[in-house]
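**Q** Listed below are the residues making up each chain.
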Amino acid sequence: MLGCLAAIWVFVEAMNASPSNAARIQKAALATAGLMIAAWILGGYWYVHFYPAEKTMILKGPWPFAHNLFMETKEHLFFATGILAVLLPIATREKLYANPVARRLVLAVSVMIAITGLVVEGAGAVIDHGVKVELLRGPA
Amino acid sequence: MNPATSGFTLAAAVTILFNTALAWAKDTYAPLNSFMKAMTGHHWTTHGLADLALLVGLGLILTKTRAAEKIDPARLVSILVASVVAGGFGLGLWYVFF
Numbered sequence: 001m002l003g004c005l006a007a008i009w010v011f012v013e014a015m016n017a018s019p020s021n022a023a024r025i026q027k028a029a030l031a032t033a034g035l036m037i038a039a040w041i042l043g044g045y046w047y048v049h050f051y052p053a054e055k056t057m058i059l060k061g062p063w064p065f066a067h068n069l070f071m072e073t074k075e076h077l078f079f080a081t082g083i084l085a086v087l088l089p090i091a092t093r094e095k096l097y098a099n100p101v102a103r104r105l106v107l108a109v110s111v112m113i114a115i116t117g118l119v120v121e122g123a124g125a126v127i128d129h130g131v132k133v134e135l136l137r138g139p140a
Numbered sequence: 141m142n143p144a145t146s147g148f149t150l151a152a153a154v155t156i157l158f159n160t161a162l163a164w165a166k167d168t169y170a171p172l173n174s175f176m177k178a179m180t181g182h183h184w185t186t187h188g189l190a191d192l193a194l195l196v197g198l199g200l201i202l203t204k205t206r207a208a209e210k211i212d213p214a215r216l217v218s219i220l221v222a223s224v225v226a227g228g229f230g231l232g233l234w235y236v237f238f
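Line by line, the protein sequences are chains Z and U. With the working numbering, letter number 72 in the first sequence gets 72, and the count goes up by one each step, no holes. All you need for the working numbering is the position in the second sequence, starting with 1, plus 140.
Just chain Z, with the same shape it has in the complex (with noise of 0.2 Å):
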């Protein structure tokens, strides 16, 4: 969700792209793209490691869609989102108030950014759910 605020934060300012603002473009493209690794790393790992036992309860439940459906696209929709911050930083080493071209590519990386995070962080409240409503289930 930092990642996301951060993108958004990087597409403000380049909607208002001028000198004055072209080194705090740069700063928000890199905090944006240091905090989606830092979500690719430790959400992988509580993925990997964590998620399989949830996993177990899901698919044995009421909501096995959540698993199915909403894990499966959002541990892969991840991946776009992380492959976009990554060319952030790359595209806001441009002149962005001189160069209309690449203040697009800009605005429409972070706003993809933002989106698809958004996407992924809805799915996880889905899956969190489905594990809830399992656990609500109580002893069959």
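In case anyone wonders, no lab produced these hints; they're calculated from the structure.
Below are the EDC-like pairs computed for lysine to aspartate or glutamate, each with C-alpha atoms no more than 20 Å apart in a straight line:
(1) Z:60 <-> Z:134
(2) Z:55 <-> Z:128
(3) U:177 <-> U:167
(4) Z:55 <-> Z:121
(5) Z:55 <-> U:167
(6) Z:132 <-> Z:72
(7) Z:95 <-> U:209
(8) Z:60 <-> Z:128
(9) U:177 <-> Z:72
(10) Z:132 <-> Z:54
(11) Z:95 <-> U:212
A few chain U residues that don't get close to chain Z, going by computed Cβ distances all over 10 Å:
(12) 168
(13) 171
(14) 201
(15) 205
(16) 207
(17) 210
Ideal placement from N, C-alpha and C gives every residue a C-beta, glycine not left out.
Here the structure of chain Z is known, so what remains is to put chain U in place on it, guided by the hints.
**A** Same frame as chain Z, but now just chain U:
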């Protein structure tokens, strides 16, 4: 745009489509999933490393050869957006129907 921006933008578009295609391939061909699991202990870890290797490798090659600069920069932005839309919906619809 400078060669690195053009090169890595095209590399990102290709990698995002590759990411979706690899997800489909893992789902339809179990030996591939098993092979990827054997490589790092988890198919997702291998998948992420393959994406990163393609992004960095292709990005560096396209930057050095300046191949992506032959594409109109505005079109390059459109290609990237189209790849994210196609890759994203490609994943979502795949898991809805398969």
